[in-house]
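Asks: Throw the hints in and build the complete structure from the sequences for me.
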Amino acid sequence: LERFTVVAAHDLREPARSASLHAQVLKKLFADRLDGEGMKHLNFLETAARRMYDIVGGLLSYSEAGSSDRKSHPVSAAAACSLALANLRPQIQQADAEIIVGRLPEVIADKQMLVRLLQNLIDNAIKFRHRERRLRIEIEAAPTADGWEISVADNGLGFEAGRQDIFEIFRRLRQNDETGGIGFGLAICKRIVQHWNGKIWAISTPGAGSRFCFSVPASVEE
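First residue of the sequence shown: 1380, per my numbering; consecutive thereafter.
Hints are computed from structural coordinates only; laboratory data are not their basis. Check the hints yourself; a few may be wrong.
Derived DSSO-like pairs: lysine-lysine, alpha-carbon spacing no greater than 30 Å straight-line [said to hold, decoys possible]:
1) K1578 <-> K1506
2) K1419 <-> K1407
3) K1406 <-> K1419
4) K1490 <-> K1578
5) K1490 <-> K1450
6) K1506 <-> K1419
7) K1407 <-> K1490
8) K1506 <-> K1490
Quick list of simulated restraints, FRET-style, between CB atoms [stated by the list, open to error]:
9) H1509 <-> L1413: 37 to 45 Å
10) H1452 <-> E1539: 34 to 42 Å
11) N1576 <-> Q1473: 31 to 39 Å
12) R1512 <-> A1458: 25 to 33 Å
13) R1482 <-> F1409: 55 to 63 Å
14) F1409 <-> D1544: 37 to 45 Å
15) D1390 <-> A1474: 31 to 39 Å
16) D1525 <-> I1582: 16 to 24 Å
17) P1394 <-> D1525: 18 to 26 Å
18) V1404 <-> D1433: 31 to 39 Å
19) T1584 <-> K1419: 36 to 44 Å
20) H1420 <-> E1519: 47 to 55 Å
No residue lacks a Cβ here, since even glycine has one placed at the ideal position from N, Cα and C.
Replies: Here it is as structure tokens:
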């Protein structure tokens, strides 16, 4: 089933991309011949095709996050965090975000997936930042009885308490937001954490910010 999902996602993504590109071409070729109603329908077609492309891509990423091929090894959470921040440098600069990174430990995880996990959480903080104050993101770790708890905290918009459903597919923090998200980011985070039998949760206050935490096994060297 896992292999089927990956193959199907790959096969479905290309037609969606093709439909979006053809809609763009039609808009350019017939822009002077279409009335407002015709252009509206072409825009709708392009948007729908792009959304389908994103959804299929999200399903593919979700499947890959839980792949049995992923193996956990000792990895530096600090190095993974640095890579995640580097990948998000344009968004961080655009948001003028202040990033504070504490001491992060050596853990047992798949490095690529740990980078993806941190990147999704940081990107989430950027997307849902408060527009009336400078965004501040703090990434830190605390030891637990059987490993580490790593957290990504922000001073953004926050959300209602008890919203643990946000970690499910197609669930979004805010249904009327303008981020263009499709509700896969946090579901992928949960899938990644479950791969090493960890847990992920969120603590938030509307208007004040959020803290996303996840557990991860400690490296023997720690």
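Asks: Going through the earlier hints one by one, which of them does the structure break, listed in rising order?
Replies: Numbers 7, 17 and 18, in rising order.
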